Amino acid sequence: MPLDHEQLVAMYRALSGTRIAEQTITDLNKSGVLRGHHSGLGHEAVGVAVGMAVRPDDCVQMSHRSGMMLSHARGGYSLREAVLSQFGRAPSHYASLPGRPRTLTIVGLVGTWVPMSVGISMADRLRGKDTVTVTFFGDGAANEGAVHEAMNLAGARRLPMVFLIENNGMAVSMPTSEATAASDFAARAAGYGMPGVLVDGHDPVALHEVAEEAVARARRGQGPTLIEAKLIRWESHANGIADLRTPEEIEEAHRRDGVRQLRDALIGQGILSEADADAIDDAARAEVDAAVEEGRTAGFDMTVPPPMDAADAWRLTYAN
Amino acid sequence: MGSTLYINAINRALHEEMARDNEVVAIGLDIGRQGGLFGVTRGLFERFGPSRVMDTPISEAGYMGAAIGMAMEGVRPVVEIQFADFVTVAFDQIVTVAAKMHYMTGGGKNVPIVVRLPYGVNVSGEGYMTGAGPHHSQSPEAWFCHCPGLKVVMPSSPADALGLLKAAIRDNDPVIYFEQKGLYYTLSGEVPEDGEDHIVPIGKAAVRREGTDATIVATGAMVGLSLAVAEKLAGEGVSVEVVDPRTLVPLDRETLVASVRKTGRVVVTHEASQTGGFGAEVAAVLADDAYASLRAPVKRVAARDMPVPAGLAARAALPGEARIEKAVRAVLGK
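Taken in sequence, the protein lines are chains G and U. Residue 5 in our numbering is what sits at position 5 of the first sequence, and the numbering runs on without skipping anything. If you count the second sequence from 1, you need to add 320 to reach our numbering.
Chain U on its own, in the form it takes in the complex (with noise of 0.2 Å):
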């Protein structure tokens, strides 16, 4: 093991598939010389050369829809949007003609295709960008979420990030690829040495904390606030589950309805906005699955109901420690 940035591991994600199959092909906005707007692509270029690694023009309708050709004919393209709040150009292409073309066709053709979404502020105050104004800054995992025929995955560390993208590359249906920029520089963690094929299954939850008291269940960003947030309270002997689904769809709902049926209360927060958000869907699979086991209503710890603020302002929409706390201390009757 050794440690590594979080935009680290979606790089070398790339690197290894890039180089293990030759049916991997990388496009998308400034991807080749540039490296990437963040960095992300870094190196693919140099060494996987034009014909794999696609600068476009600015069409994200264009090049989304390209990918989706290129992958009805066996090729793997990740797709990257520059900033996810982009991908509203090019919504219909996924949403329209990748999301359907397994159903539409009868099983003939499918569309291996990852697209990848940097999203969401960096919550930490430290490092690039804290809100990027509301055209920079959105968490739109929840559009895709109701999308039948596209999974979605989240990925909140850089183990994850890892091994989620490479799963998500051999995944033979459209996968949706959220990954957090705030993190790209702001978050290192544990991951497999070099060399080692590290996948993290789609559809399975990670429990990051065990607990008995409480669960939060977290996406992306949220994940690092809810373990401080467990932290803090286990001084007062408070003990709180944090629940990582790390896909969103499929969704693992046994490792879910598990962790409730332990401890009958419930926090579940995400950067993305509240109405008609992730958190809902999860609220409801709980309401469904796991309704005797429930001694409190479900919480919700989401954005504010507005545009994402530029700068420092958008940390008074956002989700964050102090939310999340005074949420667990409402379950819990504290």
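Excised from the complex, chain G in its bound form (with noise of 0.2 Å):
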């Protein structure tokens, strides 16, 4: 279903919140006052229009870089708590919480968080319910082992999943023309039996409408789908990593701004005015920075370990 104007509002409101939140995360970065950051910048529109297409009670794994917006988007965490997570002061996005949307973790090596979110599908079924599970990656995780077994495996299960690849072009270094012979990650989806689809991952509107479908297919019983978004990073793969591409690719991205294009056709269509875009854009800078200075004058010092016994270690390591 086509979003209608409400929506689209509140879309660019997440779009516009997420993105001047992403940017001061990244400076702070930048600056040194936070010491390390995979910077989202680029990833706003797949994150928030993913999250939009989403029920509550369906899981959904994030990725690094647009995790932050896909759980905003989704309702319940907020700018502010994004900025403070930074901080040590807040639960990060990934944090599963009592009447929080649903989320799964994901683990630091790319490629193998996808399987269990295979799992989280197959104990959803076994007790009957009708969720969908969504899991993002990227696209050098795309080329991991374990997500070909993970996909075959939904494949062959017809489970109700849809894989989200988000391809911003570039492996840390390695470029995704140099990663596969494959001009599309998207086209591999036919040798696991699913719909593979390609989309612009800067079009937060286009985003929206493949991700809602494929979500409806997995609750039709339908099985999975494949998305492949395709973008660029702003940024490079980690703050302190040099960017190895050109000033014109990059230039590339800022040109193609998922935000920036859908604030322009909100307001070309006299959904919002000028000075309607401008207060949203005010009043989430506001929030933002109210969280940066609180996070500042709490205090916080990573050079400091805390205590801990051999008791603890057991307790923090072990169930029982």
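These are calculated hints, taken from the structure and not from any lab test. Be careful, since some hints might not be right.
Stated by the list, open to error - Chain G regions said to be covered by chain U (calculated; three or more residues, Cβ under 8 Å):
no., stretch
1, 212-223
2, 273-285
As the list claims (entries may be wrong) - Okay, the calculated bits of chain U under chain G, using three or more residues with CB under 8 Å as the criterion:
no., stretch
3, 381-393
4, 415-421
5, 460-468
Unchecked claim - Here are the simulated DSBU-like cross-link-like pairs (lysine-lysine), alpha carbons at most 30 Å apart as the crow flies:
no., chain 1, residue 1, chain 2, residue 2
6, U, K524, G, K129
7, U, K524, U, K582
8, U, K552, U, K582
9, G, K129, U, K582
10, U, K524, U, K420
11, U, K429, U, K524
Here the structure is a predicted model, which means the values were calculated and not measured. Every residue gets a Cβ at the ideal spot worked out from N, C-alpha and C, and that includes glycine.
Hints are included, so try docking the two chains, each in its own frame, into the full complex.
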């Protein structure tokens, strides 16, 4: 179903807010206030669009790029929390918390996390739920063996799942074009007996349409879908790691910016005035700035290790 | 009490636990209509159906990861890896995902899976599989002992195979369950009557034979060989104690130390290769906790550091009664 005006404005609010939060977090890392971030700039559209296409009881396994945007768009995860989590003062968007939309954690090895999502879907089926499981991973992870095994298993069992590849064209420094001879990951879907859909990863409206259809298809019992969202990240792999791309390639990312495109479209169609859009941006900026201030004054010292004894270590490592 | 085969004890544990708790499911290759390549899962498919006894494509990372995901939702999957050797394909899922989930989620999620690993060769020389070659015969327990977040058990008797599997299924952490596939059809032993809920607690060693002159710490198939050696030496008036840790992680240090305080002389034996093996850990624990009691250096009797040869040649690489006996004589200074 096409998004109505109210939903389009909500989409813009989420895009603008998470862009401002992500830009701020990226800048704080670049300036050394925070240490260590995989910037999601350029990935806002895919996170927000998919977040608006799933139910709270659907399980989404988010990526390190667009997870914050997705959690925010699903509701319950504020920009304030997004910023404070970077200061270690609020749960991250990966956390499973009561009353919040259902999430599944990832792990520090890309691709490795994907089979886990297949198990969530299998558990939901055992319990007779009508939920859908969505898993995000990148172009780098897409070449891992575990991802192949997971998609094959989901196809064979016709599980209600969506596999979403955020193809940002670069795995640290390895261009997608050198990592695989195929031009599109979406074409791999045929090998798993599922549809493969290619979509512009900067276009939030197109992404939403594709995601909504894939989720609906899964819920109808027609099995999994593979979606490949092609986009360009704005920043290098992580802060402190050199960006080997040309300035032209990065300019292209900014030229295709989905946040600005939706803003222009909504103003062009008379859904928002310039002043309305500015007000949305300003409110987000105020929330983000206040959260930064709160995070900085709360005190944050990563150089002091917390005390730990053998009993603590066991309790943290084992359930019983 | 009645006598049963090692393999039947494992099968019984699966039947009992799946009947007791609907959350217990089985997943693996050929475990359904086939009943498992070795026959361990016989009857489960017919009794519990395809939704709880899940055959999967050959994709160890895929189904191990799926089992972990199910476990995070409160399901209790028992994963059969057809040969312990094949676990390398799923190693990343176990080490990266399962072992660290409780820690990574601040205790919010745990992974109550059991990974059943049929390992080793048939040291008896009777029945199926003497040495099944380098890719179907390994004893890779040390790989998992080195990974915090996992528990590792290794039953050497039918009663322990039954009781430890039931305990592992009820445990809230990932448990790696090593079943010695050479013992499946060659070892029988007493087990409690059907219907008796026999649990062997994880983390408790067993003293298999009491003695005063030397201690053999043995795991898996080495327990039987060590008991035979102890019996032989008893004929010469040498009193050998045999201790079976049963659980490798967490290790029952107290039982090991108590034995060594009594005997002062130790041989550690396992089927796995020597370097970096579990025996090194036992030797280190005894050096830490029982140094003053040791009257001779700890001796290890393990497989040679080489791939396990196929066929009867496996016996040249693996520890046997002769090498265990020689090591006991060495620590006794005889």
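Hint check results:
Only when three residues or more bring their CB closer than 8 Å to a CB of chain U does the claim for the stretch 212-223 of chain G stand; here the count is 0, and the claim is violated. Given as covered by chain U, the stretch 273-285 of chain G fails the check, having 0 residues with a CB less than 8 Å from a CB of that chain where 3 are the minimum. Counting residues of the stretch 381-393 of chain U whose CB lies closer than 8 Å to any CB of chain G gives 13, so the stated coverage by that chain holds, three being the minimum. With 4 residues having a Cβ less than 8 Å from any Cβ of chain G, the stretch 415-421 of chain U passes the three-residue criterion, so the hint holds.
Interface restraint, the stretch 460-468 of chain U with chain G: violated (1 residues with C-beta to C-beta distance below 8 Å; minimum three). The suggested pairing of U:K524 with G:K129 is violated, with an alpha-carbon distance near 40 Å, which exceeds 30 Å. Under the criterion of a C-alpha separation no larger than 30 Å, the hint pairing U:K524 with U:K582 is consistent with the structure, at around 19 Å. This hinted pair checks out: U:K552 and U:K582 have alpha carbons roughly 21 Å apart, not beyond 30 Å.
Distance hint between G:K129 and U:K582 is unfulfilled; the C-alpha atoms sit about 59 Å from each other, more than 30 Å. For a cut-off of 30 Å, the pair hint linking U:K524 to U:K420 stands: about 24 Å separates their Cα positions. This hinted pair checks out: U:K429 and U:K524 have alpha carbons roughly 26 Å apart, not beyond 30 Å.
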